[in-house]
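Chemist: So the chains spell out like this:
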Amino acid sequence: MAFHWTAIPRFIPQLLAGAQLTLLITLAAMALGIAIGAAMAAGRVSRFRVLRLLAGLYVEFIRNTPALLQIFILFFGMPSLGLRMSAVTAGSIALGLNASAYLAEIFRAGLNGVPAGSREAAIALSFSRLHMLAYVTTPLAMRAAWPAFCNLVISILLASSLLSAISVYELTGITNDISTKTFLTFEVYSIAALFYVALNIAVSLLLALTGRLLFPPQSR
Amino acid sequence: MGIFSRFRRLAGCAVLSLGVVAGVAAPASAESILDRVVADNKIKVGVMLNVPPFGMKSISGEPEGFDVDVANLIAEKLGVELEIVDTTSVDRIPNLRSGKVDIIVGTFTGTPERAKVVSFSEPYVTALLAAFAVKTDSGIESAGDLTTKRIAVTKGTTQDLMVAPEFPEAEILRFDTEAAALFALAQGQVDAFICDGNVLNYQATINPEIKVIVDEKFSKLVEYQRLGVPRGDQEWLNWVNMFVFDLNATGTSYDLYEKWFNAGMPAPLIPNY
Numbered sequence: 013m014a015f016h017w018t019a020i021p022r023f024i025p026q027l028l029a030g031a032q033l034t035l036l037i038t039l040a041a042m043a044l045g046i047a048i049g050a051a052m053a054a055g056r057v058s059r060f061r062v063l064r065l066l067a068g069l070y071v072e073f074i075r076n077t078p079a080l081l082q083i084f085i086l087f088f089g090m091p092s093l094g095l096r097m098s099a100v101t102a103g104s105i106a107l108g109l110n111a112s113a114y115l116a117e118i119f120r121a122g123l124n125g126v127p128a129g130s131r132e133a134a135i136a137l138s139f140s141r142l143h144m145l146a147y148v149t150t151p152l153a154m155r156a157a158w159p160a161f162c163n164l165v166i167s168i169l170l171a172s173s174l175l176s177a178i179s180v181y182e183l184t185g186i187t188n189d190i191s192t193k194t195f196l197t198f199e200v201y202s203i204a205a206l207f208y209v210a211l212n213i214a215v216s217l218l219l220a221l222t223g224r225l226l227f228p229p230q231s232r
Numbered sequence: 007m008g009i010f011s012r013f014r015r016l017a018g019c020a021v022l023s024l025g026v027v028a029g030v031a032a033p034a035s036a037e038s039i040l041d042r043v044v045a046d047n048k049i050k051v052g053v054m055l056n057v058p059p060f061g062m063k064s065i066s067g068e069p070e071g072f073d074v075d076v077a078n079l080i081a082e083k084l085g086v087e088l089e090i091v092d093t094t095s096v097d098r099i100p101n102l103r104s105g106k107v108d109i110i111v112g113t114f115t116g117t118p119e120r121a122k123v124v125s126f127s128e129p130y131v132t133a134l135l136a137a138f139a140v141k142t143d144s145g146i147e148s149a150g151d152l153t154t155k156r157i158a159v160t161k162g163t164t165q166d167l168m169v170a171p172e173f174p175e176a177e178i179l180r181f182d183t184e185a186a187a188l189f190a191l192a193q194g195q196v197d198a199f200i201c202d203g204n205v206l207n208y209q210a211t212i213n214p215e216i217k218v219i220v221d222e223k224f225s226k227l228v229e230y231q232r233l234g235v236p237r238g239d240q241e242w243l244n245w246v247n248m249f250v251f252d253l254n255a256t257g258t259s260y261d262l263y264e265k266w267f268n269a270g271m272p273a274p275l276i277p278n279y
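Protein chains in written order, with my numbering: chain A, 13 to 232; chain B, 7 to 279.
The shape of chain A in the complex, shown without the other chains:
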């Protein structure tokens, strides 16, 4: 069997377009995930038992079902309830919901990691509840949650490849398409793998830089 690497360059623009969509889907999913995840984390540490229970149920339900199934439910299942979304929309929302459950746990762990002393200090300095949340609890929780958050971004970026199953032309979808038309299976998938590595390294570096800016190392 011979390989045909020289045929690859002409597919680079298509692969770049796919990589762009992969990034957009990841961004949309993370935005939705952060919003719902923060609400669920707040629910899980709430004073009210009902909220704790509901948020706990949500998190357990999402975390214990496969992402692909969640994607299928939103794309193939929701039309039965009269909700019809494009493949990109349905897929991004599904990934966002998936991310939200993990983010809820990441944020909750961050909140639990805030030392009681910091809060007591804030109370002693007569911070209002809102000020305490904004200036003490959230920054400290975010600092603790940041590494886990970065890991999740990478997981979601990789999981976006599942959207190829509902005909989204993100990086994997495009790769499938090129592969079926050219039969350059090994070549095209290898290049796509390199694209994913490059994307993830770029995203990781960006997140690491953001982390350095947001949470500068403390001297102890």
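Please note that the accuracy of each hint is not assured.
What the hints assert, rightly or not - With a cut-off of at most 30 Å between alpha-carbon atoms, the simulated DSSO-like pairs for lysine-lysine come out as follows:
(1) K223/B / K193/A
(2) K83/B / K265/B
(3) K48/B / K106/B
(4) K193/A / K106/B
Claimed, not checked - In silico negatives: residues of chain B with every beta carbon more than 10 Å from chain A:
(5) L40
(6) K48
(7) P100
(8) K122
(9) T142
(10) A158
(11) K161
(12) F181
(13) A186
(14) K226
(15) G257
(16) P274
(17) Y279
Unchecked claim - Simulated DEER-style distance windows between Cβ atoms:
(18) P25/A / K223/B: 29 to 39 Å
(19) S202/A / K122/B: 16 to 26 Å
(20) A14/A / K265/B: 20 to 30 Å
(21) N47/B / L81/A: 36 to 46 Å
(22) M97/A / D252/B: 44 to 54 Å
(23) E147/B / L36/A: 30 to 40 Å
(24) G94/A / K265/B: 35 to 45 Å
(25) L36/A / R103/B: 30 to 40 Å
(26) R42/B / A205/A: 24 to 34 Å
(27) R96/A / E147/B: 19 to 29 Å
These aren't lab readings, by the way, just hints derived from the structure by calculation. Ideal Cβ placement from N, Cα and C applies to all residues, glycine included.
Starting from the known structure of chain A, fit chain B onto it as the hints suggest.
Modeler: Okay, now just chain B, sitting in the frame of chain A:
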């Protein structure tokens, strides 16, 4: 172990891995698949088990269908055991090229493009190339009504290749399996599903919600579906062609079609051109 022999082994490894990386691994042993299958007493046949009635699973989970019958006949004629490897349209060529299967029996249409990478037998079944399944109540009557609609195809099929140039304005959604595309149609995520006429006609007989349109523009386009084998094994291809000749000459292909579709094959196996 002396330092030299160790070095020799290392060098051997390096050369071997270079060969693999560059794709010039030693040429496959001269043994034909035909000899290996008989020696191992087992043949691995790739069949698509999600394309009823060509391949599907019975309620008890056993593979059945037109292509499953053909696969059984192949094993029977060779006198070996049959192992069915479930595959999808898009995986047919990778499965053949990687040696995961010895032969594909899966409504595999021969095309000059595909023949560059795999080899095809003579045809064993024919199909209309471009039939459309649409919802019965959709009001879609011809291919002309589909110009700006959402059209589903199965990845890696001949329809996948022809649909984009024929419908440049349409939104094309590509799915992994026929089942997923049919499901998208049922759920209103697409307006039409273009597939081979045999598959769709069968679906229409079991699902009153869909109907099949064969536009006049495409009515003369016939697919000649063949058995696919890895390229470069002429002896194996010779046997497979003999098998197909036997299948066709004894009328078995037509009988099997009648059995699974309750109708005659849409076009004769010998093209009239």
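Chemist: Work down the list of hints and note, for each, if the structure agrees.
Modeler: Quick rundown of the hints versus the structure:
Taken as a hint, the K223/B and K193/A pair is honoured in the structure, with Cα atoms around 24 Å apart against an allowance of 30 Å. Between K83/B and K265/B, the direct Cα distance comes to roughly 20 Å. Compliance with the 30 Å bound is thereby established for this hinted pair. Pair hint K48/B plus K106/B holds up; C-alpha atoms about 13 Å apart against a cutoff of 30 Å. As the CA atoms of K193/A and K106/B are separated by approximately 21 Å, the hinted pair is consistent with the 30 Å bound.
The claim that L40/B lies off the interface holds: its Cβ sits roughly 20 Å from the closest Cβ of chain A, which is beyond the 10 Å cut-off. With a cut of 10 Å on Cβ distances, K48/B stays outside the contact zone with chain A, its closest approach being about 23 Å. Consistency note on P100/B: stated as away from chain A, yet its beta-carbon is not over 10 Å from all of that chain's, at 5 Å minimum. Not every CB of chain A is more than 10 Å from the CB of K122/B (nearest about 8 Å), against its label as outside the interface.
Listed as outside the interface, T142/B is consistent with that label: its C-beta sits roughly 17 Å from the nearest C-beta of chain A, beyond the 10 Å cut-off. Against the 10 Å criterion, A158/B falls within the reach of chain A, whose nearest CB is about 8 Å from its own CB. The Cβ of K161/B does not lie farther than 10 Å from every Cβ of chain A; its closest approach is about 5 Å, which violates its non-interface assignment. Against the 10 Å criterion, F181/B falls within the reach of chain A, whose nearest CB is about 6 Å from its own CB.
Once the 10 Å rule is applied to beta carbons, A186/B is inconsistent with being away from chain A; the minimum gap is 7 Å. Here K226/B stays apart from chain A, with its beta-carbon at least about 25 Å from theirs, past the 10 Å limit. Every Cβ of chain A is farther than 10 Å from the Cβ of G257/B; the closest lies at roughly 34 Å, confirming the non-interface assignment. At roughly 29 Å from the closest C-beta of chain A, the C-beta of P274/B stays outside 10 Å, upholding its exclusion from the interface.
The claim that Y279/B lies off the interface holds: its Cβ sits roughly 26 Å from the closest Cβ of chain A, which is beyond the 10 Å cut-off. For P25/A and K223/B, the Cβ-Cβ distance of about 32 Å falls inside the hinted range of 29 to 39 Å, so the restraint holds. Range check, S202/A to K122/B: Cβ separation about 20 Å, and the 16 to 26 Å hint holds. Restraint check, A14/A to K265/B: a C-beta distance of roughly 42 Å breaks the suggested window 20 to 30 Å.
The given range of 36 to 46 Å is respected by N47/B and L81/A, whose C-beta atoms sit roughly 40 Å from each other. Remark: the range hint 44 to 54 Å for M97/A to D252/B is upheld by a beta-carbon distance near 52 Å. The beta-carbon spacing between E147/B and L36/A, approximately 38 Å, falls within the hinted interval of 30 to 40 Å. Checking the proposed 35 to 45 Å range against G94/A and K265/B shows it holds: the Cβ atoms sit about 41 Å from each other.
Distance hint check for L36/A and R103/B: the Cβ-Cβ separation is about 33 Å, which falls inside the suggested range of 30 to 40 Å. R42/B and A205/A have their C-beta atoms about 32 Å apart, which keeps the hinted 24 to 34 Å range intact. For the pair R96/A and E147/B, the beta carbons lie near 23 Å from each other, so the given range of 19 to 29 Å is met.
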